[in-house]
Structure formats: structure tokens, C-alpha cells
Amino acid sequence: MQIDILSRGAFRSALVRLSDGESFISESGAMYRASSNVDIDVTTRTKGKGSFLRGVKRLLGGESFFLSKYSVTGGAAGEVGLAPTLPGEVHRIELDGASEWITAGGSYLGSGGDVEIDTQFQGVKGFFTGESVFFLVARGRGPLLVSAFGTVREIEVDGELTVDTSHLVAYEGSLHYRVGKIAGSWVQSFLSGEGLAIHFTGRGRVYVQSHAPNEFGRRLGPLLPQRN
Amino acid sequence: MQTRIIGNPDYGELIADLSAGERILAVSGAMNWMSTDLGMKARLMGGFVRSFARKFLGGASLFISEFTAPRDGSRVSLAPTLPGAIQSITLDGGTFWLTAGSFLAATPGIELRTKFYGFRAFLSGKGAFLIQASGKGEVWFNAYGALVERELDGELVVDTGHVCAFDPSVDYKIGGMGGVKQTLFSGEGLVLKFSGRGRIYLQTRNMGGTASWLSPFCRG
Amino acid sequence: MLHRIDHTPSYSLLEVTLDSGETVVSDAGAMAWMDPGIDVKTTTRGGILKGLKRAFLSGESFFQNTYTARRSGARIGFAPGPAGDIRHLPLRGELFLQKGAYLASSEGVQCDAKFDGLRGFFNEGLFILRVTGSGDLFFNSFGDIQEVEVSGEYVVDNGYAVAWEPSLSYRLSKARKIRSFLFSDQILLRFSGRGRVWVQSRSPHALASWVYPFRPRKKNNS
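Protein chains in written order, with the working numbering: chain F, 9 to 236; chain D, 7 to 226; chain A, 172 to 393.
Derived by calculation from the structure, the hints in this document are not laboratory data. Do not take every clue at face value.
With beta-carbon atoms standing in for the labels, derived distance ranges [stated by the list, open to error]:
1) Arg49/D to Ile163/F: 39 to 47 Å
2) Ala84/F to Arg205/D: 53 to 61 Å
3) Gln281/A to Gly181/D: 52 to 60 Å
4) Leu14/F to Ile11/D: 20 to 28 Å
5) Arg213/F to Ser175/D: 42 to 50 Å
6) Gly244/A to Arg205/D: 49 to 57 Å
The beta-carbon is built from N, C-alpha and C at its ideal position, and this holds for glycine as well.
Could you put the whole structure together from the sequences, leaning on the hints where they help?
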């Protein structure tokens with residue numbers, strides 16, 4: 009398996025080259041181009057441990073979260089291109105079997121067939137917007153691909169760090185966290201336009217994105233046709 | 007205070023390192039991440055009627071966040087809602103005009119006031135105000151897309167959605183693109199006709215255009 | 172007509188410089204800025220019926236603007252709607268474009284909308300623009316553009332195929348994905364033959380699905 013991160017300006021996408029017998033998983037619908045010998049299977053089960061991945065209802069859109077599994081047939085190698093929904097970067101995190109990574113649901117792009125993906129519904133609701141954020145836990149060995157709206161930056165936490173929820177891409181399982189408000193009071197938080205924040209403590213890596221998808225959605229949505 | 011812009015030109019982000027007691031102002035919602043003990047307070051930008059403004063701004067807020075460092079080594083990362091380039095300008099007693107949505111952050115010596123831009127803009131439903139920055143200090147502003155700086159010496163007609171900021175020495179007139187037919191049907195909406203001498207800052211994308219492009223793909 | 176494309180590939184902008192009397196055409200709304208001394212005329216480009224067909228089938232704007240310079244050297248900046256790139260193609264013949272990808276063209280270029288039905292699926296298919304004629308064509312993408320020289324077979328999700336040459340044949344098939352009705356536009360294009368297909372790295376269909384919850388709700392009369 010070989011993963012190339014195609015990078016041009018503001019946009020990155022991943023090109024995964026698979027050999028016979030290898031498989032790759034991504035969020036359903038992330039595939040944008042492929043060689044004709046790639047087989048696509050929609051799955052709710054991850055390989056290995058046999059753990060069930062429940063389709064999680066994203067309260068925001070009523071969408072369920074499903075995975076697609078790609079494998080090549082017929083002996084020859086094949087390729088699958090995976091693209092995020094929003095403009096931004098794609099980053100590869102290598103899971104070493106020791107640490108686990110928690111990824112914001114919207115930031116998960118794909119992972120190698122031996123990586124175990126579990127949903128972990130946090131039930132963190134945006135206080136005023138009613139948005140819910142769900143997370144995925146990735147364990148095992150192999151590549152994990154995350155996407156960002158904007159740039160992806162790695163921050164080494166050694167002490168404390170506060171991250172606005174909509175800017176969180178992924179974090180190492182070794183970190184402790186607490187969800188809270190940002191400013192001194194809820195009123196202040198609302199007025200200042202900041203929603204929820206995640207306060208990390210301990211040691212570990214956090215990946216953040218430079219731009220917030222829900223802010224962009226709130227700016228773009230009202231300009232579009234009405235919906236049912 | 008030490009500041010640096012990272013991520014330009016595609017995804018500009020402002021990182022500010024503050025010493026004890028230092029403050030920085032930013033548009034509400036701009037904070038990406040920060041030192042956990044950094045103080046944050048909401049303030050209202052001066053000179054406008056709050057409820058009136060909120061109704062016509064399509065979600066943009068006139069609130070400002072004021073960050074105060076309790077100790078040395080405090081850090082905050084700020085970015086605008088729409089991706090693009092960030093630039094700063096230093097004011098030494100002068101003024102600078104920014105469109106709503108272009109203002110990102112400023113040092114405490116800068117005063118911000120809002121001003122109505124014209125009745126016709128107001129009718130079009132777009133955010134109809136400009137922000138006037140004045141005083142001594144630094145102002146950071148952002149573009150949706152790439153930021154284009156033009157040294158104006160003559161005239162230029164610009165779609166209102168593509169204007170970021172401009173020097174006070176430049177004159178502007180708001181209007182349609184041609185006769186009545188053009189205004190109603192040409193899809194340009196309103197334009198700003200700039201004249202005179204000075205710098206104008208333009209952006210290569212605008213939200214109205216993005217929405218028009220995406221609309222045909224929207225179902226349900 | 173001289174042209175330059177700046178700020179590629181992320182937020183590309185097209186700047187066209189016209190000679191006196193020269194004309195460039197774009198969809199209404201694409202102009203970002205222009206020098207004085209340019210006349211703007213709004214038309215339906217090809218008549219009302221063609222305009223209606225274009226708007227109805229492909230969602231392209233009903234109106235197009237024709238810009239004619241009154242003096243040499245007048246410049247116009249055209250900006251696409253989505254973040255992404257712009258490509259210039261000296262057109263001599265025919266090209267298929269995704270709806271929303273047309274930016275501007277010189278006068279000898281015509282646009283027409285086309286619908287390609289998906290066999291067995293009522294009302295599902297592909298709306299594309301068929302561009303014909305001789306002249307300069309400028310199209311834009313959502314995301315960066317990857318030009319693929321197909322020689323054999325290649326599969327592209329229809330949201331990502333921004334342009335392709337008519338020398339390629341294609342077969343439409345439904346992707347095996349679980350989708351709600353919102354996604355019924357998610358169709359795979361299986362290209363075969365020889366020719367170029369321009370692939371963009373982001374999909375307007377995916378973005379439209381993503382933004383759905385943020386759109387205002389229709390008021391129910393209940």
C-alpha cells in the first residue's frame with residue numbers, strides 16, 4: 009500500500025495505491041477517482057476484531073455515518089483517490105499499535121484495512137446551535153488519514169491548551185480533556201461568538217485546523233435556496 | 007507583543023504572543039486555540055444600533071473579543087471565517103476603511119467604528135456597513151481568496167463582494183453597473199466605483215458568487 | 172484578447188485585456204472588477220429558449236453579459252464562485268463541462284445544456300454543458316485541476332469530472348454507496364477511449380450535501 013498526498017495550493021487529496029489483497033477504508037463518498045479494477049463495498053464492520061461500527065446519526069443532518077471499503081481484484085494493482093468535502097489539507101497519522109487517536113467525525117477521511125475504527129458519540133452539543141459533534145477512535149496499526157478545513161497543524165501539549173471545538177481535528181488518547189466554555193461566563197461566550205472549547209491537559213499531540221466548518225456553513229447556508 | 011501571520015496565501019492565520027497585561031482585539035469567533043488561562047471578554051464595536059445591524063448582516067457579528075494575557079508566554083491563534091490571505095497595516099493617527107467581514111484583529115490603540123455604506127447596498131440585503139479603523143497601532147484584515155493590492159490612479163469598478171479595504175484618500179460611489187436593465191439582470195448586483203489615488207485591497211472570491219455557483223446543486 | 176490567470180491554483184482569477192471593439196462573454200455575476208470604458212450588455216445568449224433550457228437543465232445563469240471595450244487595454248477581472256483554479260483552452264470543436272464550470276469565453280464560443288439520463292433511473296442523470304465553436308474558453312474548478320490522459324478506461328465520480336473531450340465515451344453507473352435521496356446525483360462516469368478528462372479535487376455535490384443543514388427551512392403552511 010502506498011499513499012500519496014497530492015498537494016496543490018489550498019487543496020490536498022490522497023491517492024491510495026493498493027496491491028492485490030490490500031484494503032482501505034474511507035468515509036462513504038470520499039472516493040473521487042479510481043482505476044477500474046477497484047471494488048467498493050459499503051461496510052459497517054471493521055476488519056480484525058470483528059467489532060461492529062454502528063451507523064451513527066449525526067443529529068445535525070440526520071445523516072448516518074458509513075464506511076466504504078476498497079480492494080483490488082484481478083491481480084493487478086489499483087488506485088483510489090480520496091477527497092475531503094471542504095477545501096483544505098490532508099494529513100497522515102501513522103498508528104503504531106500503542107497509542108490511539110480520537111478524530112472529530114467530520115475530519116476522518118480514511119484508514120488502512122488493519123486500523124480499527126469505532127464511533128464514540130460524545131454527545132457534545134453546541135450550546136446555542138444544537139450541533140452535535142461525534143468522534144471516532146482509531147486503534148491498531150497502519151495509516152489514518154484526517155482532513156481539515158484549511159491547514160492542519162500539530163501542537164504538542166505539555167500542560168494545558170484550549171481549543172475551540174470547531175477547530176479540533178484529532179488528538180492523542182493520552183490527553184485528558186474537559187469540555188467547557190471559553191470566556192468567563194456563558195453570556196460572554198455567546199456574545200463573543202465563541203462556542204464550546206475543549207481544554208486539554210497532560211501530554212500528547214493535538215491536530216487543529218485553521219478554519220471552522222460550521223462557521224463557514226452558517227455564512228454560506230442562508231444564501232442558498234430554502235430546504236424542506 | 008509578537009505577532010506573525012502563518013498559512014498565507016491560502017489559509018492565513020494570526021498567531022499572537024502576549025506578555026503579562028498585553029491585550030489584542032479580534033472579531034468575534036476568530037479564536038482557533040489559545041493558552042487556557044488567557045482572559046477573554048466580549049465587547050461591542052462602537053457606532054451602530056445592535057439589533058438593526060444583526061438583522062442585515064447575514065450572520066456577521068459586530069462583537070469584538072478582547073484577549074488579555076495574565077502572564078508572559080500567553081498565546082492565541084486567530085483566523086477569519088472565510089479562507090484566504092491575511093495582511094496587516096500600521097496606522098499612525100490615520101484611518102483605514104474595511105468592509106464587514108474583512109476585519110480580523112487590532113492592537114488596543116486602534117478605535118473601530120461602523121458606518122453605513124449607502125442606501126442601495128442596504129436594499130440589496132448585503133451587509134451594508136464599512137468599518138473605520140483609526141488611531142495608532144496595527145490592524146489585521148483578511149480576504150476571501152487571494153488579496154490583491156491595487157495602487158489606484160484613475161477609476162476602477164468593483165463588485166461590492168470583492169472589496170476588502172481601502173485608503174481614505176480614495177473616493178467611492180455605489181451604484182449599478184449600467185442602466186436599469188443591468189442593475190436588475192446583470193447579476194453583478196451592486197458595484198463600487200472607485201476614483202482618485204490611493205490603495206485599494208480586493209479579494210478574488212465573494213460569498214454571493216460561491217452561493218450562486220452552489221445553488222443549482224442544492225436539492226430538497 | 173490577452174489573458175492572465177493569477178493566484179493559481181487556490182483562488183485563481185482571470186484577467187482579460189481587450190482591444191478597442193473586442194468582446195468577451197461571461198455568465199452574469201462573474202465580473203469581479205473592471206476598468207472604466209467597457210460597455211456591458213446583458214443577453215440571454217442564443218435567445219430566450221436556449222437561455223431557459225440552459226438555466227432549467229443545468230442551473231447556469233439565464234443571463235450572460237457581453238463586455239465590449241471602448242478603448243484598447245481595458246481590463247476585466249473574472250472570479251469563479253468556488254475556491255479553485257481556472258483553465259484556458261483554445262477551443263476548436265467541442266468540450267463537455269460540468270454545470271457551474273463555465274467562466275468566460277470569446278465570441279465564437281457557444282454553450283448549450285445537455286442532459287444524459289441514467290438508464291433505469293427516472294429523472295436521474297447528468298446535466299452537462301456542451302461547449303462548441305472556435306475561440307478562447309475559460310472554465311473553473313472546485314479544488315485544483317488534475318488533467319488525466321485516458322487511454323483505456325478510467326473512473327471518475329461525476330462530482331469531480333469538470334471537463335472532458337468528446338473523443339471519450341463514457342458509461343454512467345450508480346456508485347455502490349448508501350445514499351439518501353439527496354445524493355441521487357452521485358454517479359460514476361466510466362470513461363473509455365482516448366482523450367483528456369480534467370478532474371477537480373473537490374465536488375460541488377458533496378459540498379451541497381454537507382451544507383444542507385445550514386440552509387434556511389421552508390415555512391410550512393400547516
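Arg49/D versus Ile163/F beta-carbon gap, inside 39 to 47 Å or not: violated, 28 Å
Hint check for Arg205/D and Gly244/A - Cβ pair distance inside 49 to 57 Å: violated, 22 Å
Gln281/A paired with Gly181/D, Cβ distance criterion 52 to 60 Å: Since the Cβ atoms of Gln281/A and Gly181/D sit about 32 Å apart, the hinted range of 52 to 60 Å is violated.
Cβ distance range 42 to 50 Å for Arg213/F and Ser175/D, holds or violated: 49 Å Cβ-Cβ, so the 42 to 50 Å window holds.
53 to 61 Å as the expected CB spacing between Arg205/D and Ala84/F, which holds or is violated: holds, 58 Å
Outcome of range test on Cβ distance (Leu14/F, Ile11/D; 20 to 28 Å): holds, 26 Å
Checked against the numbered hints given earlier, the structure breaks hints 1, 3, 6 and satisfies all the rest.
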